[in-house]
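Engineer: What follows is the residue order along each chain.
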Amino acid sequence: MSRWSETLDALMRERGRALYGYAFVLTGDAADADDLLQDALVRAFKRGRGPEDVTAAHAYVKRAIQTAFIDTHRRASVRPRRDGRDADRVLQDPTTASATRDALHEAVLSLPPRERACIVMRYFDGLASPAIAEELGISAGTVRGYLTSAIEKLRRTHGDFGLDPTDALEGGDEHVVITSKGGAR
Amino acid sequence: MSADLEDALARRARAGIDLYDARSLASPVHGRVRRRRTVRGLGTGAVATVVVLAGALGAVALGSASPTVDPATTSPSPSVSASASGDLLPGVVTAEDLLGTVGGAGADGGQRAYLCTPAAPRQCDEVTVGQEPLLEIVRTGTSVEVDAGHVAYVMWTVRNAGDQRIRIDKAWETPVVVTESDAQDPLATLAGLGSELPADPVDLAPGDASAGAGTIDLDARPAIEAGTAVNLEMLVPIPFADPTEKRELWLRVTSSDWVNAAAVESIRSSPLYAEDLREGAVTRHSEDYDLGSAQTALDCVLDDADNPRTSSGGLDPFAPRCEALVVDAVAPLLTLTEATFDVDEASGTLTVRWIAQNTSGKRLRIDTGGASVAIEDADDGSGSAWTSMSSAGSIVSSGSLWTSDAMRKALLRSTSVVETVEPWQLFAGSATLDLDEAGDFAAAHTSVQVRVASRSDLDGSRELVLEVPWNG
Numbered sequence: 011m012s013r014w015s016e017t018l019d020a021l022m023r024e025r026g027r028a029l030y031g032y033a034f035v036l037t038g039d040a041a042d043a044d045d046l047l048q049d050a051l052v053r054a055f056k057r058g059r060g061p062e063d064v065t066a067a068h069a070y071v072k073r074a075i076q077t078a079f080i081d082t083h084r085r086a087s088v089r090p091r092r093d094g095r096d097a098d099r100v101l102q103d104p105t106t107a108s109a110t111r112d113a114l115h116e117a118v119l120s121l122p123p124r125e126r127a128c129i130v131m132r133y134f135d136g137l138a139s140p141a142i143a144e145e146l147g148i149s150a151g152t153v154r155g156y157l158t159s160a161i162e163k164l165r166r167t168h169g170d171f172g173l174d175p176t177d178a179l180e181g182g183d184e185h186v187v188i189t190s191k192g193g194a195r
Numbered sequence: 003m004s005a006d007l008e009d010a011l012a013r014r015a016r017a018g019i020d021l022y023d024a025r026s027l028a029s030p031v032h033g034r035v036r037r038r039r040t041v042r043g044l045g046t047g048a049v050a051t052v053v054v055l056a057g058a059l060g061a062v063a064l065g066s067a068s069p070t071v072d073p074a075t076t077s078p079s080p081s082v083s084a085s086a087s088g089d090l091l092p093g094v095v096t097a098e099d100l101l102g103t104v105g106g107a108g109a110d111g112g113q114r115a116y117l118c119t120p121a122a123p124r125q126c127d128e129v130t131v132g133q134e135p136l137l138e139i140v141r142t143g144t145s146v147e148v149d150a151g152h153v154a155y156v157m158w159t160v161r162n163a164g165d166q167r168i169r170i171d172k173a174w175e176t177p178v179v180v181t182e183s184d185a186q187d188p189l190a191t192l193a194g195l196g197s198e199l200p201a202d203p204v205d206l207a208p209g210d211a212s213a214g215a216g217t218i219d220l221d222a223r224p225a226i227e228a229g230t231a232v233n234l235e236m237l238v239p240i241p242f243a244d245p246t247e248k249r250e251l252w253l254r255v256t257s258s259d260w261v262n263a264a265a266v267e268s269i270r271s272s273p274l275y276a277e278d279l280r281e282g283a284v285t286r287h288s289e290d291y292d293l294g295s296a297q298t299a300l301d302c303v304l305d306d307a308d309n310p311r312t313s314s315g316g317l318d319p320f321a322p323r324c325e326a327l328v329v330d331a332v333a334p335l336l337t338l339t340e341a342t343f344d345v346d347e348a349s350g351t352l353t354v355r356w357i358a359q360n361t362s363g364k365r366l367r368i369d370t371g372g373a374s375v376a377i378e379d380a381d382d383g384s385g386s387a388w389t390s391m392s393s394a395g396s397i398v399s400s401g402s403l404w405t406s407d408a409m410r411k412a413l414l415r416s417t418s419v420v421e422t423v424e425p426w427q428l429f430a431g432s433a434t435l436d437l438d439e440a441g442d443f444a445a446a447h448t449s450v451q452v453r454v455a456s457r458s459d460l461d462g463s464r465e466l467v468l469e470v471p472w473n474g
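Top to bottom, those sequences are chains A and B. Residues in the first sequence are numbered from 11 upward in steps of one, following the working numbering. Residues in the second sequence are numbered from 3 upward in steps of one, following the working numbering.
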């Protein structure tokens, strides 16, 4: 068996669940998550010897998931459908924590892909805007713009869930951390 | 403060993890990676293949190994193969294997095939072989370009869709072009092929693909104009293991995907930018709202800081007053082929979904991701209209978007995805807007505004926006 094939198998065995979960957070759909993870894996292993080891592969594939997610939506024939509704027209009145979380995730899924990716990287990966910018290959100012717009939309379309724009822009870690023991990130 | 959001995302990830099925993912990923590596490793040392189909009754020449036929057109094109071996290997599917599974024409499952005598003209029986399709056409590896409608340059990619290695003869992969009004008859095509088959056996592992290209002379057939929907079928011979076997087995590989034939010159030309369209543009006046076949546009000159696309802080949409133009008086560059209006009474929203087509015959560099839906009462001249716009890509006016005899409003957004749209290519979008603001949208004029990219697109001081009316 070739080396890339062995690394790929090990990655899917050890980190596949976490990577799939990440893709699922971004897409909100099992089939789309499946496609997204497949695309990312192909990007990572399609040339050369492939990533050196499982940790390197994890980092590479995770970044590929982020960029493939944005690229896929860029290519999609149906462009992002933004939610133009205002909060007062949305019958969203969560009375339980579970309902709140469901409503929040649905709200995240209604965001355009770049804004959604930035929100996931900020609040799921815990990254600060400069680290998000580095991962996505765009400027930190652009990331802040996406985060600001996303937070504003979430608050406008789905009510105030205690989201703090300042925290969105200023918080988070400056460095990407890949856990090595099957962590969810 | 944002703990709820973090919890929501983490909980969603756990839900996704529960759905993970490594086994269902492993096989397709390995296959796709192998194919990408295979294709990348090929291309050099490729074999030149020339296929000339002279219509149903015409003769066909392939390369130099068929001396009995005049090659009416020569257009050597690279042919990519996955692997080539002169020796039959154990475990490789050959014609004998497939004939052991043969069913009659129209049998369920399997793949359509022709079992032919070698004499010219061939006599063929249609059969079905195997239990599942053995080969499939890869849509993304297929294209048809036409030159003045009479010569088609075809590229194809055929993939092993089965779970065993299969041997094909690449030298005689033969494309069959089908249009809605005209279909080549595969049997007639086979009958017209030369009698001496040059051999180029190639083994395809599961998932491996074989790409090729050829030229089809359409002189004896109706011309295929650029933009015509074309379905490409492939006739792929499967060699016999027995070298003394004189019969031929051809798989007929079909696809449900149609591609639009593109004009050769348009493929090779650079796309049109805003600067190109402004040349020769003429002023349009408010009484010319409906110009039928012309392509109208809005030329917006603005302070760079007001452009939400290029301004660092400008995320809100902006609707400047722009000079109304006609950029093509003869034919529309873009045409809406479909628009649907979905009302959601519960949420009080109207969602407009649209599909547009590049009908210019040329490549266009346009902002497909920043397009907007415009709804207006174009007949209203009261001047007391209000205008509502959203970053979601909609601009609605209770009256007309005209602000003077030669000025109209265009919506500029921060969202931007610039692409080169090929001739006849479709692109789509949607916008959701407030139902109350949409008013009597059924009686209003609806159009889609599509920005044309500039050669220096980072400069936001001037924008050109095409207006694409919905006439449904």
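Note that these hints are calculated values from the structure, not bench results. Treat the numbers as computed from the prediction; the structure is a model and nothing was measured. C-beta atoms are modelled at their ideal positions from N, C-alpha and C, and glycine is treated no differently. Among the hints, erroneous ones may be present.
To be verified - Anything over 12 Å on all C-beta distances counts as not near chain A; from chain B, calculated:
1) 32
2) 105
3) 261
Said to hold, decoys possible - For the chain B half of the interface with chain A, some residues (derived, Cβ under 10 Å), not all of them:
4) 9
5) 141
6) 389
7) 401
8) 457
Engineer: Indicate, hint by hint, whether the structure satisfies it.
Structural biologist: So, going through the hints one by one against the coordinates:
A beta-carbon of chain A comes within 12 Å of the beta-carbon of residue 32 of chain B; the shortest separation is about 7 Å. No Cβ of chain A approaches the Cβ of residue 105 of chain B within 12 Å, the least distance being about 33 Å, so the stated non-interface status holds. No beta-carbon of chain A comes within 12 Å of the beta-carbon of residue 261 of chain B; the shortest separation is about 15 Å. Among the interface hints, the one on residue 9 of chain B holds; its C-beta lies about 6 Å from the nearest C-beta in chain A, closer than the 10 Å criterion.
Evaluation of the residue 141 of chain B hint against chain A yields a violated restraint, the C-beta minimum of about 14 Å exceeding 10 Å. The interface hint given for residue 389 of chain B is broken, as the beta carbon of that residue sits about 15 Å from the closest beta carbon of chain A, more than 10 Å. Checking residue 401 of chain B against chain A by beta carbon gives a least distance of about 21 Å; that is not within 10 Å, so the hint is violated. Hint on residue 457 of chain B is violated. Least Cβ distance to chain A is approximately 21 Å, over the 10 Å limit.
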